[in-house]
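As they're listed, the protein sequences go chains R and G.
To convert, note that position 256 of the first sequence is 256 in full-length UniProt numbering; the numbers rise steadily by one, no gaps.
To convert, note that position 71 of the second sequence is 71 in full-length UniProt numbering; the numbers rise steadily by one, no gaps.
Among the clues, some could well be false.
[To be verified] Restraint ranges, calculated between C-beta atoms of paired labels, are given here:
hint: 1; chain 1: G; residue 1: R264; chain 2: R; residue 2: G148; range: 27 to 35 Å
hint: 2; chain 1: G; residue 1: G28; chain 2: R; residue 2: A308; range: 25 to 33 Å
hint: 3; chain 1: R; residue 1: R196; chain 2: G; residue 2: R15; range: 52 to 60 Å
hint: 4; chain 1: G; residue 1: K287; chain 2: R; residue 2: R106; range: 48 to 56 Å
hint: 5; chain 1: R; residue 1: E325; chain 2: G; residue 2: E188; range: 44 to 52 Å
Please keep in mind that the hints were generated in silico from the structure rather than gathered at the bench.
Note that beta-carbon positions come from the ideal geometry of N, C-alpha and C, so glycine has one too.
These are the residues of each chain, in order.
Number of protein chains: 2
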Amino acid sequence: MFGESDISLGDLGERGIQDRILRARYGGTEGFGDDCALVGLVTAPSELVATTDSCPTPVVNLMAEPDFYHAGWLLATINLSDLAAAGAEPLGLVVNYTLPKATTTREFERLLDGVDECCAAHGTKVAGGDIRDGTVVQLSATAIGRCGPGSRLRRSGARAGDSLLLVGSPSYLWAAVLLATGKASLPEQARDEIWRRACRPMAQLTAGRVLAAQGLARAAMDVSDGLFATVRTLCEANGLGATVSGDFILDEAVAEVAKQSGVRPFDLAQTWGDWGLVVAVRSEDVKLATKTLREDGIAAQEIGTLTADQEITEGAAPWQGIAQERFSDDSWHGGELAKLVDDVLGVSKF
Amino acid sequence: MFGESDISLGDLGERGIQDRILRARYGGTEGFGDDCALVGLVTAPSELVATTDSCPTPVVNLMAEPDFYHAGWLLATINLSDLAAAGAEPLGLVVNYTLPKATTTREFERLLDGVDECCAAHGTKVAGGDIRDGTVVQLSATAIGRCGPGSRLRRSGARAGDSLLLVGSPSYLWAAVLLATGKASLPEQARDEIWRRACRPMAQLTAGRVLAAQGLARAAMDVSDGLFATVRTLCEANGLGATVSGDFILDEAVAEVAKQSGVRPFDLAQTWGDWGLVVAVRSEDVKLATKTLREDGIAAQEIGTLTADQEITEGAAPWQGIAQERFSDDSWHGGELAKLVDDVLGVSKF
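If we strip away everything but chain R, and leave its shape as in the complex, we get:
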């Protein structure tokens, strides 16, 4: 259909959007068009869990031609990542989009593609949603999942002496930022792979479920606002402190970016956007947990220990972490990439 991509959502109207875009994509989903979405049939006793998050401006959209696909993928990831931290099995995602009338159908389709493909990559789907017009783009979603009774992971439940595992391969997003701002340079293939992973972060659903099912995790939280904020919050939830080693393993290409940029691997690993999990594990279970995850192809490394005193240290020194906080001056709403690199990694200081 020539010119179709220039048609705006305002041109179509709510009924046109429903008939020409949403029905084609979701019409086969049971409950489509009803007042409620059918999330699923649950037959086994279940603790039902849910989480909701709004999508921030994807950092990757500051590095290339902005693409609604990235926002869609990120929206699904950040919500599914919370289910991962609970050790839950995803049942479905419910989406809520506010979009300006001028949004083109092509942009809208890219958004839906991003959400749908991310859900499919995690073995789940969009069960339903709502769309309305507004002056600014606001994308939020609610992920719904189930846990076997008693196996749900929480932030609390850890003990002093437990080890902290970081599940997932950190720093791909900010390695991409360093590459995009010329702080480092890699051969095309390695660069493309970093870019791909920066654009398509994966929630650690399998890891969360496996650790919960085997009773290997005592507490867990996803790394949504950076490693320091995550460790600090886990400590607070348990009335504990932590000592981290600062001796992080980064994947080879990411480590090379850190080296060229003059950034410590530990500092790069403290950034956000990779949606790993921090999990408290009994020290005697660390080997079993990492081995179990490795068998599923999931990277994990021990990064420190929870302590009875409430200090958070990197080795012997207080950990001066990188964190962002909402409703503060640091609250992340996009902005200049170069300034961001400076704010987050202080690269200009190197």
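Dock chain G against the given chain R, drawing on the hints supplied.
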């Protein structure tokens, strides 16, 4: 605490909001502070349903000093109303708030009060949520519920010859608008009662559950965008038409407002904001359905019949309905009350 009400969310920051406001209110909710909310333990086989809606500007906030309480109450109502249309039992609400940093803690507390009190009035609760700062207020929520397998109500499933029941007492919101704009005048007590009901619309959860459980409803939909839009959508979902009688019963005080304003009861009944249900019922079940609802103190009236031909008529004439549509010029985003009365009810034409 003197001056506390002037403190803004930006003054508190995310951690301050969490510690000083949210923990006091929701800290006893299991899962508080975790990555996922615990919605509930489900032991019986269940069809899980979910719905999400954003809160529009409450019309009542155009008639008096704007109060976040009304937005909170409305946010909960509109989401629970979709569960009502599915005949579902509510399990919990997950909320998602974007608020400017300048929002005062008092405004925020009023918002939370509105949501929490509406949930309590419907026998459910806020299970969890997310809050972030942004330039404009955006309030959305997701309501999660369960149906016994096979008893879930849908928009489809109706047959030609079925009667249409309107569940609930219509027109309180727009009667309040007519009173506020001086089109009618009532004694203080009647006026206060109309205002109260306009501010606190109730989702028809009990009606939906009772009709679903007893197999009395073949299809249902809530009246979120006006009666005409609801009947039209129900007709489309079933490939049917409808004849409505136009002969509506309004509660006494509301009927008096209509009369004084020169508005036909039928026109007043077509407005939105009361969150009734339109339910397709076998014609032979109408008496039983209305009697059953009456025993629970719920008003219901037969308003017409579904027909095999796809016309929608008021008596013999085509029904020229009042409807709003998102992503159109009619999309509701607040505005001048006088203009709104004119747009929706055309009162100035009388």
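Hints and how they fare:
Checked against the given bound of 27 to 35 Å, the beta carbons of R264(G) and G148(R), roughly 57 Å apart, lie outside it. With their beta carbons about 27 Å apart, G28(G) and A308(R) fall inside the hinted range of 25 to 33 Å. Checked against the given bound of 52 to 60 Å, the beta carbons of R196(R) and R15(G), roughly 35 Å apart, lie outside it. Distance hint check: the CB atoms of K287(G) and R106(R) are about 53 Å apart, consistent with the given range 48 to 56 Å.
Separated by about 49 Å at the C-beta atoms, E325(R) and E188(G) satisfy the suggested range of 44 to 52 Å.
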